[in-house]
Amino acid sequence: MLKVDQLSKDFGGLQVIRDLSFQVADGERRVILGPNGAGKTTLFHLLTGVKQASSGNISYAGTDISAMDAVGRASIGIARSYQKNNLFENLTIRENLMLAASAATGKSNWFIRDASLHADVKTRIEETAEMVALSDQLDMMVNAISYGNRRQLEVGLALATKPSLLLMDEPTSGVGPAMIDRFHHLLDSLPRDITILIIEHDMDLAFSIADRITVLNFGEKVFEGTPAETRGNATVRQIYLGEAK
Amino acid sequence: MFYQTHLRSIALILALGFLAIYASFGSYFAREIVVEITILAILAISLDFCAGFGGMVSLCHGAIMGIAAYVFTIMGVKLGWPSLPSATLGLLAAVLFSGMVGWVTARTSGIFFIMATLAFGQMAYTFFFKSRWLGGDDGMGGISRFDLSWLGLDLNDALVFALLGVGVLFLVYVVASILLRSGFGRVLCGIHSNENRMQAMGVNTAKHKALAMACSGFMAGMAGIIAAQHTLYISPELLIWTVSGEVLLVVILGGIGTLVGPVIGAIILIMMKHELSNYTDYWHMIVGVVLILAVLAGGRGVYGQIEVWLEAFFKPQAPKEPKEPTESKEKEQDLA
Amino acid sequence: MDASFWLLQCLNAMQYSMLLFLLSIGLTVIFGLMHFVNLAHASLYMLGAYFGISVSAMTGQFWLAFMLSPIIVTCIGAVLYFTLIDRMRGAGPMNQVLVTFGLIFVILDLVRLGWGDIALGLEAPAELSHTVSFWGISYPAYRLFIIALGLVVMISMWVVLRRTQIGAMIRASVENADMAASLGINVGRLFFLVFCFGCALAGLAGVAAAPIFSATTTMGITILIPTLIVVVIGGLGSLEGAITGSLIIGFLETFGAVLLPSLSAVLTYMLLAAVLVFRPQGLIPARG
Numbered sequence: 001m002l003k004v005d006q007l008s009k010d011f012g013g014l015q016v017i018r019d020l021s022f023q024v025a026d027g028e029r030r031v032i033l034g035p036n037g038a039g040k041t042t043l044f045h046l047l048t049g050v051k052q053a054s055s056g057n058i059s060y061a062g063t064d065i066s067a068m069d070a071v072g073r074a075s076i077g078i079a080r081s082y083q084k085n086n087l088f089e090n091l092t093i094r095e096n097l098m099l100a101a102s103a104a105t106g107k108s109n110w111f112i113r114d115a116s117l118h119a120d121v122k123t124r125i126e127e128t129a130e131m132v133a134l135s136d137q138l139d140m141m142v143n144a145i146s147y148g149n150r151r152q153l154e155v156g157l158a159l160a161t162k163p164s165l166l167l168m169d170e171p172t173s174g175v176g177p178a179m180i181d182r183f184h185h186l187l188d189s190l191p192r193d194i195t196i197l198i199i200e201h202d203m204d205l206a207f208s209i210a211d212r213i214t215v216l217n218f219g220e221k222v223f224e225g226t227p228a229e230t231r232g233n234a235t236v237r238q239i240y241l242g243e244a245k
Numbered sequence: 001m002f003y004q005t006h007l008r009s010i011a012l013i014l015a016l017g018f019l020a021i022y023a024s025f026g027s028y029f030a031r032e033i034v035v036e037i038t039i040l041a042i043l044a045i046s047l048d049f050c051a052g053f054g055g056m057v058s059l060c061h062g063a064i065m066g067i068a069a070y071v072f073t074i075m076g077v078k079l080g081w082p083s084l085p086s087a088t089l090g091l092l093a094a095v096l097f098s099g100m101v102g103w104v105t106a107r108t109s110g111i112f113f114i115m116a117t118l119a120f121g122q123m124a125y126t127f128f129f130k131s132r133w134l135g136g137d138d139g140m141g142g143i144s145r146f147d148l149s150w151l152g153l154d155l156n157d158a159l160v161f162a163l164l165g166v167g168v169l170f171l172v173y174v175v176a177s178i179l180l181r182s183g184f185g186r187v188l189c190g191i192h193s194n195e196n197r198m199q200a201m202g203v204n205t206a207k208h209k210a211l212a213m214a215c216s217g218f219m220a221g222m223a224g225i226i227a228a229q230h231t232l233y234i235s236p237e238l239l240i241w242t243v244s245g246e247v248l249l250v251v252i253l254g255g256i257g258t259l260v261g262p263v264i265g266a267i268i269l270i271m272m273k274h275e276l277s278n279y280t281d282y283w284h285m286i287v288g289v290v291l292i293l294a295v296l297a298g299g300r301g302v303y304g305q306i307e308v309w310l311e312a313f314f315k316p317q318a319p320k321e322p323k324e325p326t327e328s329k330e331k332e333q334d335l336a
Numbered sequence: 001m002d003a004s005f006w007l008l009q010c011l012n013a014m015q016y017s018m019l020l021f022l023l024s025i026g027l028t029v030i031f032g033l034m035h036f037v038n039l040a041h042a043s044l045y046m047l048g049a050y051f052g053i054s055v056s057a058m059t060g061q062f063w064l065a066f067m068l069s070p071i072i073v074t075c076i077g078a079v080l081y082f083t084l085i086d087r088m089r090g091a092g093p094m095n096q097v098l099v100t101f102g103l104i105f106v107i108l109d110l111v112r113l114g115w116g117d118i119a120l121g122l123e124a125p126a127e128l129s130h131t132v133s134f135w136g137i138s139y140p141a142y143r144l145f146i147i148a149l150g151l152v153v154m155i156s157m158w159v160v161l162r163r164t165q166i167g168a169m170i171r172a173s174v175e176n177a178d179m180a181a182s183l184g185i186n187v188g189r190l191f192f193l194v195f196c197f198g199c200a201l202a203g204l205a206g207v208a209a210a211p212i213f214s215a216t217t218t219m220g221i222t223i224l225i226p227t228l229i230v231v232v233i234g235g236l237g238s239l240e241g242a243i244t245g246s247l248i249i250g251f252l253e254t255f256g257a258v259l260l261p262s263l264s265a266v267l268t269y270m271l272l273a274a275v276l277v278f279r280p281q282g283l284i285p286a287r288g
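From first to last, the protein sequence lines are chains P, G and A. Each residue of the first sequence is one higher than the last, beginning at 1 in the working numbering. Each residue of the second sequence is one higher than the last, beginning at 1 in the working numbering. Each residue of the third sequence is one higher than the last, beginning at 1 in the working numbering.
So here's chain P without its partners, still in its complex pose (with noise of 0.2 Å):
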């Protein structure tokens, strides 16, 4: 279980995110909803511990790692996939998962071995090229591949470091309907033991996937419930729906 409590981040005098408290269940899907501006960014800056938080905490599967850096937390299965590609372009897609995978794995710690012939980390680049459907471009370079497929690469790299909580930043941002549907599926197809953060301007994808929304505005928590109670909400239709619509 992910528990955030009363957490918030100042930078310089301005109040990103204030006194934010909620939790997500094991295996759960969260969406987390809000305008622009509304602390999304930072609060996955916060939780993956790229930024540390002016006060609060943050425990994760029963131990507190509010105090815990970026590396730490992704050695105990966080992992994020960002709203700008954040890929290694000069590479290969095989390499870019081979990548993530050793990593992973503690593979960045054979001196000897090469990392991409071991089986584990083959099967890995495989599945996870499977579930992203980039199967048949493992051998293209990330620079020469469009856009869409670079989205789903992103994604790619952060399962396959087979998380066990993912923070997915607006990963259909600037794609096209055909691309949502395949990322809807992708959602749909993730195993249940990996409980799934999710920033997503879509609101269609959104509603569908979500077990449960919560709505940020200006740092703060302003509702959280299940996809139908968010949707009848008043709050919600006029600061962000309403906006979006």
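By construction, these hints were calculated from the structure, which means they are not laboratory data. Hints are all accurate, no fakes.
Simulated pairs of lysine-lysine, DSS-like, Cα-Cα distance not exceeding 25 Å:
| hint | chain 1 | residue 1 | chain 2 | residue 2 |
| --- | --- | --- | --- | --- |
| 1 | P | Lys162 | P | Lys84 |
| 2 | P | Lys162 | P | Lys122 |
| 3 | P | Lys162 | G | Lys207 |
| 4 | G | Lys207 | P | Lys51 |
| 5 | G | Lys78 | G | Lys130 |
| 6 | P | Lys162 | P | Lys51 |
Reference listing, derived: stretches of chain A covered by chain G, where coverage requires no fewer than 3 residues with Cβ under 8 Å from a Cβ of chain G:
| hint | region |
| --- | --- |
| 7 | 257-267 |
| 8 | 276-282 |
C-beta atoms are modelled at their ideal positions from N, C-alpha and C, and glycine is treated no differently.
Fit chains G and A to the supplied structure of chain P, relying on the hints for placement.
The following block gives chains G and A in isolation, referenced to the frame of chain P:
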């Protein structure tokens, strides 16, 4: 990402074969040149390891080499240790210094990394330059070569020494290529490509970079031990920053990020130097012009360029993707 | 060690600091503006000294050499700008370091070809060849002149950068070149002007230094490292940084050499290492 392609194996065999033959059938002078080439080539492989694959363009590799040579000489000449333990300690000193530099500079990049390594290198240079006990700018002599008579080898024979040097060069290449193909080396390339993402996937990149510098320091240390054994005399000149600059030149000239390119770069530079110095006193200028041209020509280096051409020649069929304009670029990066 | 000793050393340190300042200010502004590391900057300093000596020898007039030499060096700088520097601007630090490293070799051998390997001297002009006595010490007038020259350049640079239109343009471009370009500043021309100005100051430093240290083929390489250290310690691209850095290094090296001769040289590098580790942006960075 590093792959020991057939082309690279062939190029390495040709280069080492050439050195061995040149030493075997050449004069005493040729053998001296071969030793000079092997020292520079080992140093260049060591720099290519961290600069070409890890993105750490160091300007202190001369100093790392010099530290190994100095510690080896101090132990052997000043303290009278046998040569093998002295050499081990020299290598250890190089590894520690280099790893320390890598650790301290792990959070800097680009020009700041270059400047930082320049500073650490010059610090070591100044230390030895000013040290009266170690002979200051006069350096130290009195070094003797390894006694390998139990193997039936006499290192005081120029040919034996040159061939052994070529052997060590081969060994260092093998060590570097194994490291680069290992999980560690792959992740090192990943850090070069995108350090931030590598961290997000749970890799302690600072530790990784420091370790990579330490490995590189081991190879540079090998060059230092051979250099001390070669001239039987060392001076702070070994550590000066222009030596490191020259090593970087060799790496670029041969082909950065190819591992075998630096060996070829070293052959070209030393041969060119010796040929030119027969005709003119001003060969530095020609070296400078060659360096500028090498960078202006795209910075792929002699071997790097040949690799790109040959790859294009042997794989002429256009791949299924309609990406012709970027194709050559992809290849070059693939090889890097 | 009485008061006059300290005064004397302070003057020596000031004079060295001013030379470092004349060199580092060009280097640092060029870096801040163009993100270009010009290792050959110190070679231009060497050229300044040699051209000064030649002009002076031909005409017998020190002050003419003093004026002409920076102009000649600037012309050489302009040629370099159009043939190499401009082309290498986006090529990344490693390629820039390599190309300018190559240039050092080329300029070095050209100087050897033109002037030979022996050290050449330059007489200080007659009106400054005496010594001045004050507060119980006597000090060469020419060295006081160098200190004054450095201070004048320092103050006029400050006035230009802080109080004039072109200064505002330079500061805006250091801050954000793209933004400056979109505000209608001709960034390319500005780069060229600043580069030339940096070369002129390097040439000036060279000819000014020639009467104190004689001109040798190694003078460029020798001063390059302290100059780079000044730039990095001060903060790349910053005028105040260059001033602070020059004073720190000038005083540290001068006093280190007399007070802690065994440690002095290592001290400078330790300071640099400490700055790089704890404050990699430099003491007074150009950007907040």
